[in-house]
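Undergrad: If you want the building blocks of each chain, they are given just below.
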Amino acid sequence: EIVLTQSPVTLSLSPGERATLSCRASQSVDYNYLAWYQQKPGQAPKLLMHRVSTRATGIPDRFSGSGSGADFTLTISRLEPDDFAMYYCQQYGLSTTTFGGGTKVEIK
Amino acid sequence: QVHLVQSGAEVKKPGASVKVSCTASGYTFTDHYLHWLRQVPGQAPEWMGIINTSGGTSTAAQKFQDRVTMTRDTSTSTVYMELSSLRSDDTAVYYCAKAEGGVLRFPHWGQGTLVTVSS
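If you read the sequences in order, they're chains P and Z.
Counting from 1, position 7 in the first sequence corresponds to residue 822 in the numbering used here; the numbering is continuous, with no gaps.
Counting from 1, position 101 in the second sequence corresponds to residue 107 in the numbering used here; the numbering is continuous, with no gaps.
Looking at chain P on its own, in the form it has when it is part of the complex (with noise of 0.2 Å):
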């Protein structure tokens, strides 16, 4: 099982600052499968971007990804309001799914 490592645990911020989020995963994710969600409160996490770097609908490109093998960073340019929230990481195949421990992005 592919173990993520995402840190920090806590990123605090401001609005407008530029927020990088780290995902290391134990082994190489195959084909780059690799995901980000976003999770408010009592809501359900909402996919953001797959394939380390391809948004999902309606997502905004203000949420980038990048990285390769092991070594993942999801980046928000310009921190929003709205941005303020739990994400987290995840690796999928065919089969198998594991998700990172999330980095909680706070109102600094």
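If you are wondering where the hints come from, they were derived from the structure by calculation, not from laboratory data.
Idealized CB from N, CA, C, for every residue including glycine.
Please note: incorrect hints may appear among the correct ones.
Below 35 Å or equal to it, Euclidean Cα-Cα: the simulated DSBU-like pairs (lysine-lysine) are [said to hold, decoys possible]:
| id | chain 1 | residue 1 | chain 2 | residue 2 |
| --- | --- | --- | --- | --- |
| 1 | Z | Lys19 | Z | Lys69 |
| 2 | P | Lys861 | Z | Lys25 |
| 3 | P | Lys861 | Z | Lys18 |
| 4 | P | Lys923 | Z | Lys69 |
| 5 | Z | Lys25 | P | Lys923 |
| 6 | P | Lys919 | Z | Lys69 |
| 7 | P | Lys919 | P | Lys855 |
Every beta carbon over 10 Å from chain P, so not counted as near; a handful from chain Z, in silico [what the hints assert, rightly or not]:
| id | residue |
| --- | --- |
| 8 | Asp72 |
| 9 | Ser83 |
| 10 | Arg111 |
| 11 | Ser124 |
Could you slot chain Z onto chain P? The hints should help.
TA: Then chain Z, alone, in the frame of chain P:
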């Protein structure tokens, strides 16, 4: 537009079973498998299993193989997840989700069902 609507919150005693439903709309139900995931409070989501909505077969993650049963009713476009021998650490929000691209990435989720296991 894909819409997944789940049944309401449940409170169960240890050792009991719970059955959560998920009704799909906005697409052809039998054309796509559906998945179950859960999220223990303060933790990341965890994949539980998948059901073939056409044939009715299912596969559960090893952790849940002995305790989970997934079924479907094509007449109502509904899938069910029953978890037995409940323990306090089964307290979680349970989600159904529809994957895309033939892989386990999830653009579509139900609203979640909170299951609380408490004596």
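Undergrad: Take the hints in turn and mark each one as holding or not.
TA: A quick look at each hint next to the structure:
Of the supplied pair hints, the one linking Z/Lys19 and Z/Lys69 holds, its CA atoms being roughly 21 Å apart against a limit of 35 Å. At most 35 Å may separate the alpha-carbon atoms for a hinted pair to count; P/Lys861 and Z/Lys25 meet this at roughly 25 Å. The straight-line distance between the Cα atoms of P/Lys861 and Z/Lys18 is roughly 28 Å, inside the 35 Å bound, and the hint therefore holds. Taking the CA atoms of P/Lys923 and Z/Lys69, the gap is about 39 Å. The hint is violated against a cut of 35 Å.
Distance restraint check for Z/Lys25 and P/Lys923: the Cα-Cα separation of roughly 42 Å exceeds the 35 Å cut-off, and the hinted pair is therefore not satisfied. Proximity of P/Lys919 to Z/Lys69 is assessed by CA-CA distance (about 27 Å); at most 35 Å being required, the pair is judged to hold. Taken as a hint, the P/Lys919 and P/Lys855 pair is honoured in the structure, with Cα atoms around 10 Å apart against an allowance of 35 Å. Listed as outside the interface, Z/Asp72 is consistent with that label: its C-beta sits roughly 18 Å from the nearest C-beta of chain P, beyond the 10 Å cut-off.
In this structure Z/Ser83 is separated from chain P by more than 10 Å, as the shortest Cβ-Cβ distance comes to about 19 Å. With 10 Å as the threshold on Cβ separation, the claim that Z/Arg111 sits away from chain P is violated: the shortest Cβ distance comes to roughly 5 Å. Look at Z/Ser124: its CB is around 20 Å from the nearest CB on chain P, clear of 10 Å, so calling it non-interface holds up.
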